[in-house]
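Just so you know, the sequences run in chain order C and D.
Here this note's numbering is used: the first residue of the first sequence is 1, the next is one more, and so on.
Here this note's numbering is used: the first residue of the second sequence is 1001, the next is one more, and so on.
Please note: incorrect hints may appear among the correct ones.
Listed next, the stretches of chain C that the computed footprint assigns to chain D, with coverage defined by at least 3 CB atoms under 8 Å from CB atoms of chain D [as the list claims (entries may be wrong)]:
| hint | segment |
| --- | --- |
| 1 | 11–19 |
| 2 | 50–64 |
| 3 | 79–93 |
Rather than coming from a laboratory, the hints here were simulated on the basis of the structure.
No residue lacks a Cβ here, since even glycine has one placed at the ideal position from N, Cα and C.
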Amino acid sequence: MREGWLSLDPLVVALVLTMAVLTYLTKVGGLWVLSRLEVSDRLEAGLSVLPGAIVVAILGPELASGGPAEWAAGAVVLALAWRTESILLALCGGILAVVAFRGLV
Amino acid sequence: MAPSHDPSTSADAAPDSAVSFSLEGVRTGFLTCIPVALGVAGYGVAFGVVANQAGLSVAEAALMSATVVAGASQLIAVELWADPLPVTAILVTTVAVNLRYSLMGAALERWFRHLSPTQVYGSLFLMADENWALTVRDLKTGSGRGAFLLGSGIAIWTFWVASTVVGVLAGGVIGDPARYGFDFILAAVFLALAADLWDGRSTFVPWLVALATALVASSVLPGRWYILLGGLAAAALEVIRYDA
């Protein structure tokens, strides 16, 4: 048994709850604002690319710091995600692939 | 109402004014969402493993899943996790990643205007990408099930929190994560997320800008600011080129 499974660091709890409040505000904010003013299509277009762009921004340097084994396994994940549309299958395939490719390199 | 009901018709059209909030709606939403929630549990296990590697306890990771209820931003938060905690970076990135929820919530307004504030603001707490999509699909058929978001949200929430706990416990048993390829989980999760978020050719240019900005910024700036800069560069480009 690892110790501290139920430990709650006060700073972590405060940070998590602040994340929760901010996230809740983003969830209700749009509907609340919409009943008062119109969000322009232009701004909407900008906001709509944010999540994907942030995911790509995380991936870029992360994959760049890897090697051929990680890149090839990444391609396996993408192919499985596209073909099967199953997250779980894509993750398991990717992890098996990275272990196999690391053995080869 | 036929499922082919045109979503662009007037918001005053008959089906939208017949929106109600019933237990039947909660139940239908919950049951419809179960298969999708199983998929969400895949992310949940991965989130738990990564949270464990970042040093979060079972209780801390479960608290985050139970109160934040927003997968991508939670994964980014634990990706940024370090000692001392980069509080500002985590909070700013959380807001940036979740801003899309404002648009998604706003898209529900034409149906939710018929519900009470308690029903609306309670349901929105459980809004995630997956159950939002299912809810819009259901409401567009003219079902009038105003409680669908709540019911499907309960399914997502239950699976998300439970799978987080499973992931942290599994992560705690693993030992050296690299030996089993578990250090690759986060990259794999984000690649699967990217495949989900890919929206055809219209995403290509903003994503390229995000990628280039992030690669340059990560080599020039300390910390993880490249994540936010990459996202903002793409959003700014999209705002500028909107007329084209």
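Hint check results:
1. 11–19: Since three or more residues must qualify, the claim that chain D covers the segment 11–19 of chain C holds, with 8 doing so at under 8 Å.
2. 50–64: Since three or more residues must qualify, the claim that chain D covers the segment 50–64 of chain C holds, with 15 doing so at under 8 Å.
3. 79–93: holds (count 7)
No hint from the list above goes unmet by this structure.
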